[in-house]
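S.K.: Quick mapping for you: the protein sequence lines, in order, are chains C and G.
Be aware that the first sequence starts at 2, since it is given in this note's numbering, and climbs by one per residue.
Be aware that the second sequence starts at 2, since it is given in this note's numbering, and climbs by one per residue.
There may be inaccurate statements among the hints.
One copy or any two copies: either way a pair holds, since identical chains are not told apart in the list.
[What the hints assert, rightly or not] Okay, derived cross-link-like pairs now, DSBU-like style, lysine-lysine, Cα gap no bigger than 35 Å in a straight line:
1) Lys74 with Lys54
2) Lys136 with Lys44
3) Lys54 with Lys136
4) Lys44 with Lys74
5) Lys94 with Lys54
6) Lys12 with Lys136
7) Lys74 with Lys94
I should point out that these hints are in silico values taken from the structure, not numbers from a laboratory.
There are 2 protein chains.
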Amino acid sequence: MSLVAPKQPMKERILDTADRLFYQRGIRAVGVDTIAAEVGISKRTLYNHFPSKDGLVAAYLMRRFVPIPHSEKSPLDQIMRTFERLAQGFASKGFRGCPFVNAVTEIGESDTEARKIALAFKEDRIAWMRDKVTKLGVPDPETLATQLAILIDGAIAQDLVRRDPEVGRKAQQAARVLLAHAGVTAAAAAS
Amino acid sequence: MSLVAPKQPMKERILDTADRLFYQRGIRAVGVDTIAAEVGISKRTLYNHFPSKDGLVAAYLMRRFVPIPHSEKSPLDQIMRTFERLAQGFASKGFRGCPFVNAVTEIGESDTEARKIALAFKEDRIAWMRDKVTKLGVPDPETLATQLAILIDGAIAQDLVRRDPEVGRKAQQAARVLLAHAGVTAAAAAS
DNA sequence: GCTTGATTACACCGATCTGTGTAGATAGAT
DNA sequence: ATCTATCTACACAGATCGGTGTAATCAAGC
C-alpha cells in the first residue's frame, strides 16, 4: 500500500498536473521532468502513458475541449451567461488567457496536432454561438456569432496583458449593443 | 572590404533578424545561436551589442512599439483606418498575431521587462483610442475605447487560430455599430 | 607605423531538453 | 505461489540552451 492513495488512474493524475503547469507557466516553459517530479512519478512512467511531449500536449488540449453544457434557458440568456462567466474567469487569480490561443502562439509551425485541436475548439465555439443567435432570428447569424466570439477573445487578450477588471463587463456591454442592433432585446428574445 | 556591404549598423542588422525570427517562430523557439547564424555574425558579436537574450527581446519589443503617426484626418476616419489596416494585416502571409500579447504568453512569469513593454504598448493604444473617441464627443470614452481595443485584439486572436479572412471586416462592422450606438455617425463626426 | 575598437573563430561551461534502456521492486489476480 | 502488469530508480544519450573567455584578425584614424 502506497503512502498516498492514488484514487485516480495514473493518466488522469499526469494530466491534472500537466494541465496546471502547461496553462500556468506555458507549454514550452515546462519540461517533462518537471511534470513527472510534480506528479511524484518517474519520467519512465509518464512516457508509458504518453508517446511524447507533443502527445501529452495534445491530450492536455483535448481535455480542455469540453462541450458547453446543454441548457434549457433562452438562447439570449445562454449568450449573456457566457459573458458573465468570462468576467468571472478574469477575477480568478490563475487566469492566463485562452489555452488554445496560447498553444498556437507557443508551438508555432510545429506540432500540427495541437494546432488542429485549437482550430477545432474555436470553430466549435463559433458554431455554438451561431446556433444561439440563429435561434434569436437575427438577419446575419454568421457575422454576429463571429463578432461575439471576437469580443470574448479580445477581452481575454486585453485582460492577459492589462489586467483590467472592467474589461469583461465592457465586452458584455458591447455584446448587448451588437445584439440590440441585430434586433434582439430581452423582450423580443423571450417571445 | 567585406563581401557584403553592411550599410546598416550592426545593432540594426541584429534586430532586423531577431524581429523576423522572434515574431515568426516565437521567442522561446528561437535561440541566440540561430539569430547570430542568420545575421552571419558570431555569437560573441551579438553579446557585444546586447547584454542577454532578455535584453534582445526587450529591444525587439521596443522597436515594435512605434507611435501611431499623427494625422490631420477626422478622429472617426483615423479609427476606421485602424480597422482597415488591421484587416490588411491579416491578409499578409506572415501574420502571427500581436507580438506583445505573444510575448506575454510566451515568457510567462519571468522577464518582467518584456511584460512592462507589452503593458505599456497596450495602454498606449487604449489611450490613443480614448483620445479619438473623446474628440467624437461620446458620453463614455473610456468604455468605448476599451471596447474598440477588444475588437482589435479579438480579431487578431481569432485570425491567428481560425485564419478567417472575413474576421477583420466583421470586427470593423462591429466597431461601426458600437460607434453609432454612442451617437457617432459619419455625418455627426464630420461636423 | 601604430594604436584602437570591432569582429572573428572556436572552445568551453553548466544547465536543461526530450527520450530511451534496463533491471528490480511492488502489488493484484488466479 | 506464481504470473502479469505497473511503477520504480537511475544512468545515459544527443541535442540545444544562454552565456563566457580568449587570442587572432581586420580596418580606420592619427
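S.K.: Each hint needs a verdict: does it hold in this structure or not?
M.R.: Consistency of the hints with the structure:
no.	hint	result
1	Lys74 with Lys54	neither (41 Å within a copy, 52 Å between copies)
2	Lys136 with Lys44	neither (50 Å within a copy, 60 Å between copies)
3	Lys54 with Lys136	neither (42 Å within a copy, 52 Å between copies)
4	Lys44 with Lys74	neither (47 Å within a copy, 61 Å between copies)
5	Lys94 with Lys54	both (27 Å within a copy, 29 Å between copies)
6	Lys12 with Lys136	neither (40 Å within a copy, 57 Å between copies)
7	Lys74 with Lys94	within (29 Å within a copy, 42 Å between copies)
Against the hints set out earlier in the document, violations occur for numbers 1, 2, 3, 4 and 6.
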